[in-house]
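Protein chains in written order, with this note's numbering: chain Z, 1111 to 1389; chain W, 159 to 366.
There may be inaccurate statements among the hints.
What the simulated footprint calls covered on chain W by chain Z, stretch by stretch (three residues with Cβ under 8 angstroms from a Cβ of chain Z suffice, anywhere in the stretch; the number is not a length) [unchecked claim]:
no., stretch
1, 232 to 241
2, 256 to 263
3, 318 to 327
4, 354 to 362
In silico SDA-like pairs for lysine to any residue, Cα to Cα no more than 25 angstroms straight-line [as the list claims (entries may be wrong)]:
no., chain 1, residue 1, chain 2, residue 2
5, W, Lys-352, Z, Glu-1130
6, W, Lys-290, W, Lys-359
7, W, Lys-352, Z, Arg-1280
8, W, Lys-290, Z, Gly-1309
9, W, Lys-363, Z, Gln-1128
10, W, Lys-359, Z, Ala-1307
11, W, Lys-300, Z, Ala-1307
12, Z, Lys-1233, Z, Gly-1309
13, W, Lys-359, Z, Gly-1309
14, Z, Lys-1274, W, His-188
15, W, Lys-352, Z, Lys-1233
16, W, Lys-352, W, Lys-219
17, W, Lys-352, Z, Glu-1239
18, W, Lys-296, Z, Thr-1293
19, W, Lys-363, Z, Lys-1233
20, W, Lys-290, Z, Phe-1308
21, W, Lys-300, Z, Lys-1233
22, W, Lys-363, Z, Ala-1307
23, W, Lys-219, Z, Phe-1308
24, W, Lys-290, Z, Lys-1274
25, W, Lys-359, Z, Pro-1296
26, W, Lys-352, Z, Ile-1275
27, Z, Lys-1277, W, Lys-219
28, W, Lys-363, Z, Ser-1282
29, W, Lys-352, Z, Asn-1300
30, W, Lys-290, Z, Asn-1300
31, W, Lys-363, Z, Leu-1121
32, W, Lys-359, Z, Thr-1293
Sample of chain Z residues with no beta-carbon within 12 angstroms of chain W, all distances over it, derived [claimed, not checked]:
no., residue
33, His-1115
34, Thr-1162
35, Pro-1164
36, Thr-1179
37, Leu-1191
38, Val-1196
39, Arg-1212
40, Ser-1263
Calculated from the structure, these hints are not laboratory results. Please read all numbers here as calculations on a predicted model, not as lab measurements. Backbone N, C-alpha and C fix where the C-beta goes; we use that ideal spot for every residue, glycine too.
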Amino acid sequence: MRHSHTYLFLLVQREEKQLEASLDALLSQVADLKNSLGSFIYKLENEYDRLTWPSVLDSFALLSGQLNTLNKVLKHEKTPLFRNQVIIPLVLSPDRDEDLMRQTEGRVPVFSHEVVPDHLRTKPDPEVEEQEKQLTTDAARIGADAAQKQIQSLNKMCSNLLEKISKEERESESGGLRPNKQTFNPADTNALVAAVAFGKGLSNWRPSGSSGPGQPGQPGTGPILAGASGLQQVQMAGAPSQQQPLLSGVQMAQAGQTGKMPSGIKTNIKSASMHPYQR
Amino acid sequence: MEAPPVTMMPVTGGTINMMEYLLQGSVLDHSLESLIHRLRGLCDNMEPETFLDHEMVFLLKGQQASPFVLRARRSMDRGGAPWHLRYLGQPEMGDKNRHALVRNCVDIATSENLTDFLMEMGFRMDHEFVAKGHLFRKGIMKIMVYKIFRILVPGNTDSTEALSLSYLVELSVVAPAGQDMVSDDMRNFAEQLKPLVHLEKIDPKRLM
């Protein structure tokens, strides 16, 4: 029996701690919200002639962000259901309460019969309640399918609008640049990176797929023919000579496989070079 | 069997795994001057440094499907400078938050008989090119703006032709493994070069 008592006690203690922690979080969130609302109101009242739309948007965004975090705090798994808590006024007195003044920053001086109904109210205003009831009956009347369709069409319209806006933004940016000269060419970037990474467009004896713009592949092969003997010289210096005839035989076989360029040129190159493919 | 990503590998054998963080872009020839001016303003104050390098890429074909690649680079305008041998691993992809291309990197200075040595070891030259351009530094970041020239006659570095009408711009940092905040610094620097140059992480496998 005592075990269950202690267990219950611990549970209650934990819940109290959670309640306290979440209340603190809520308090700080609400305080932030109040401050930003206050500054927004001040801005609207005092700086209305200098106010710009982006500045108003900023304030709205700040408020919406804070409301969001407030919602998140409320939805957080560690916050107990506040719905289950009840606040009951224990003592009402028409005298000034200094403690209360301090806690509410001077807004609520007296905890009396006039103040309590407003501050401890849990039901919304009658007009607000009416509107909410109206909205819920409307929503129920439409039916689940129609509601779903409406949701989807709203989402589609929003995304279309977003696309149009971003496209407009992109086009206006590039349109502004087009009269000015373009400072880089993405195709060139890719060609250069490919050349440095794995030699695309650089190897003389491989049929290069894409050279850079303005560099046709054909003129490259001319000097190769002339320099074939030069090639032989260079490669011979680096390797034992008995490997040469073996490799050239192998290269001829490969030439048959990968023939894309005219065969005359191919045989010249292949017989002279010691290609890394066969070892 | 795939090796674990190099950034996780511990220090072994007394050497630290160095990674190269890389961002690449290009600039058209006529905008080169503006880019150089901007870089001179942004980078460390030093004499503008130009370089003319000849790089040869060597492959070693083994039993595995992918050959082993080593890059040998020599300076053509600085006599007496050592040759530079470099190994670059496969870029580590997959981390969307990393803003730069990261790959394992080993850099070694060698003497002039490097090519003979590599040939004796069984490497064969796959391709070569000449790189001519400018070099800037900002802290540990190195910015290279260079033009790639294709060598028309293998071995003859005088007969070259430009590969394209653009200069390649590379922003690179060589740092020990695991320092990913480096890529944030690189991205911030790259932002300052827009809209002249668009430096980004380009996966070479996509361009194959």
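Hints versus structure:
{"no.": "1", "hint": "232 to 241", "result": "violated (count 0)"}
{"no.": "2", "hint": "256 to 263", "result": "violated (count 0)"}
{"no.": "3", "hint": "318 to 327", "result": "holds (count 7)"}
{"no.": "4", "hint": "354 to 362", "result": "holds (count 5)"}
{"no.": "5", "hint": "W:Lys-352 / Z:Glu-1130", "result": "violated (51 angstroms)"}
{"no.": "6", "hint": "W:Lys-290 / W:Lys-359", "result": "holds (22 angstroms)"}
{"no.": "7", "hint": "W:Lys-352 / Z:Arg-1280", "result": "holds (16 angstroms)"}
{"no.": "8", "hint": "W:Lys-290 / Z:Gly-1309", "result": "holds (16 angstroms)"}
{"no.": "9", "hint": "W:Lys-363 / Z:Gln-1128", "result": "violated (53 angstroms)"}
{"no.": "10", "hint": "W:Lys-359 / Z:Ala-1307", "result": "holds (13 angstroms)"}
{"no.": "11", "hint": "W:Lys-300 / Z:Ala-1307", "result": "holds (18 angstroms)"}
{"no.": "12", "hint": "Z:Lys-1233 / Z:Gly-1309", "result": "violated (75 angstroms)"}
{"no.": "13", "hint": "W:Lys-359 / Z:Gly-1309", "result": "holds (19 angstroms)"}
{"no.": "14", "hint": "Z:Lys-1274 / W:His-188", "result": "violated (34 angstroms)"}
{"no.": "15", "hint": "W:Lys-352 / Z:Lys-1233", "result": "violated (56 angstroms)"}
{"no.": "16", "hint": "W:Lys-352 / W:Lys-219", "result": "violated (41 angstroms)"}
{"no.": "17", "hint": "W:Lys-352 / Z:Glu-1239", "result": "violated (55 angstroms)"}
{"no.": "18", "hint": "W:Lys-296 / Z:Thr-1293", "result": "holds (23 angstroms)"}
{"no.": "19", "hint": "W:Lys-363 / Z:Lys-1233", "result": "violated (64 angstroms)"}
{"no.": "20", "hint": "W:Lys-290 / Z:Phe-1308", "result": "holds (18 angstroms)"}
{"no.": "21", "hint": "W:Lys-300 / Z:Lys-1233", "result": "violated (66 angstroms)"}
{"no.": "22", "hint": "W:Lys-363 / Z:Ala-1307", "result": "holds (9 angstroms)"}
{"no.": "23", "hint": "W:Lys-219 / Z:Phe-1308", "result": "holds (15 angstroms)"}
{"no.": "24", "hint": "W:Lys-290 / Z:Lys-1274", "result": "violated (44 angstroms)"}
{"no.": "25", "hint": "W:Lys-359 / Z:Pro-1296", "result": "holds (13 angstroms)"}
{"no.": "26", "hint": "W:Lys-352 / Z:Ile-1275", "result": "holds (23 angstroms)"}
{"no.": "27", "hint": "Z:Lys-1277 / W:Lys-219", "result": "violated (49 angstroms)"}
{"no.": "28", "hint": "W:Lys-363 / Z:Ser-1282", "result": "violated (33 angstroms)"}
{"no.": "29", "hint": "W:Lys-352 / Z:Asn-1300", "result": "holds (18 angstroms)"}
{"no.": "30", "hint": "W:Lys-290 / Z:Asn-1300", "result": "holds (18 angstroms)"}
{"no.": "31", "hint": "W:Lys-363 / Z:Leu-1121", "result": "violated (58 angstroms)"}
{"no.": "32", "hint": "W:Lys-359 / Z:Thr-1293", "result": "holds (19 angstroms)"}
{"no.": "33", "hint": "His-1115", "result": "holds (51 angstroms)"}
{"no.": "34", "hint": "Thr-1162", "result": "holds (26 angstroms)"}
{"no.": "35", "hint": "Pro-1164", "result": "holds (22 angstroms)"}
{"no.": "36", "hint": "Thr-1179", "result": "holds (24 angstroms)"}
{"no.": "37", "hint": "Leu-1191", "result": "holds (37 angstroms)"}
{"no.": "38", "hint": "Val-1196", "result": "holds (47 angstroms)"}
{"no.": "39", "hint": "Arg-1212", "result": "holds (46 angstroms)"}
{"no.": "40", "hint": "Ser-1263", "result": "holds (33 angstroms)"}
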